[in-house]
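Undergrad: Sequence:
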Amino acid sequence: MSIKSLGYIGVNATELGKWKDFACDVMGLEDTSASLGDETTHYYKMDDHPYRVFVQQAETDGLALCGWETNNQKGLDEVAAALSSAGVAFTWGDDATIAKRRVQNLLSFTDPAGNHHEAYWGVVSDFKALNSPQGVSGFVTGDQGLGHIVLPAPNFDETSNFFIDVLGFGLSDLMKLRFTPDPDEPVKRLWFMHCNRRHHSLGLLELPHPAGCVHVMTEVNNVDEVGLCNDRRIAADVKLTGTLGRHANDHMVSFYMQSPAGFDVEYGAEGRTIEEWDKYEVFESTVVSFWGHDFSVGHAD
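With the working numbering, letter number 204 in the sequence shown gets 267, and the count goes up by one each step, no holes.
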């Protein structure tokens with residue numbers, strides 16, 4: 064696989080200040096906009112990369128794009144070749160975009176569900192460690208990337224085939240969901256996919272979503288950091304959308320909260336990694352979690 068990790072995400076925001084409050088005061092990310100940004104784009108750091116999240120001024124709130132990291136130009140060329148062979152249009156980044164993303168080269172494309180993506184290589188970094196304004200000891204990143212993202216995929220077959228057959232993602236596990244007791248409700252598929260040793264870096268849900276994203280997951284070093292973030296969430300009056308629980312697939316202990324963009328942020332610890340995927344057995348789960356993760360709180364007033 065040429066794509067190695069979820070390297071960054073881009074977010075559209077009608078109010079940049081709301082994102083700064085959420086990213087810094089609640090999530091504990093470091094604002095690096097003074098050295099990287101401008102009046103219309105802000106940057107937030109999680110590790111020794113210059114940023115993992117950028118937020119750009121826009122007329123609507125939502126996910127702008129996913130940035131997928133490759134190891135080098137050869138890896139990026141392999142992504143370009145795979146897209147070309149599949150008849151998928153893509154655009155090489157211009158000098159201004161490459162400089163803004165702080166990388167050596169990139170290309171952009173859109174998946175069959177209309178989600179926007181970039182693939183890139185060669186992060187420009189001064190290797191400064193995270194200086195979290197909330198004292199977060201660190202996020203689990205490195206070769207696992209920034210975390211995982213779950214994207215809407217109403218045209219599920221076409222989109223899932225694209226990520227597996229064209230981009231080379233592997234299937235980790237799957238679910239078949241109904242959101243009501245009605246047996247006549249159509250089943251919605253939810254597939255989780257990997258591109259490194261993190262249990263999954265990408266999820267696809269067979270539903271549209273107005274924010275262009277279901278949720279983004281960030282992982283911290285321990286469960287105490289998860290609890291401290293939840294305390295900050297309460298103090299900041301950020302909406303809880305999923306109670307604390309442990310997932311059955313990736314074993315993450317986490318809770319969910321609503322970001323200013325309208326999609327959720329999962330904040331967790333103790334995520335599962337798979338060192339030998341060729342020995343791993345893909346499974347279908349009939350439960351979301353071993354315990355907890357009550358998502359009905361997200362629909363409460």
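Rather than coming from a laboratory, the hints here were simulated on the basis of the structure. Please note: incorrect hints may appear among the correct ones.
Stated by the list, open to error - Listed below are the simulated DSBU-like cross-link pairs for lysine-lysine, each with C-alpha atoms no more than 30 Å apart in a straight line:
1) LYS191 with LYS81
2) LYS342 with LYS302
3) LYS67 with LYS163
Undergrad: State for each hint whether it applies.
TA: Results of checking the hints against the structure:
At most 30 Å may separate the alpha-carbon atoms for a hinted pair to count; LYS191 and LYS81 meet this at roughly 26 Å. Between LYS342 and LYS302, the direct Cα distance comes to roughly 40 Å. Violation of the 30 Å bound is thereby established for this hinted pair. Among the hinted pairs, LYS67 with LYS163 is consistent with the structure: their alpha-carbon atoms are about 21 Å apart, no more than 30 Å.
In summary, the one numbered hint that this structure violates is 2.
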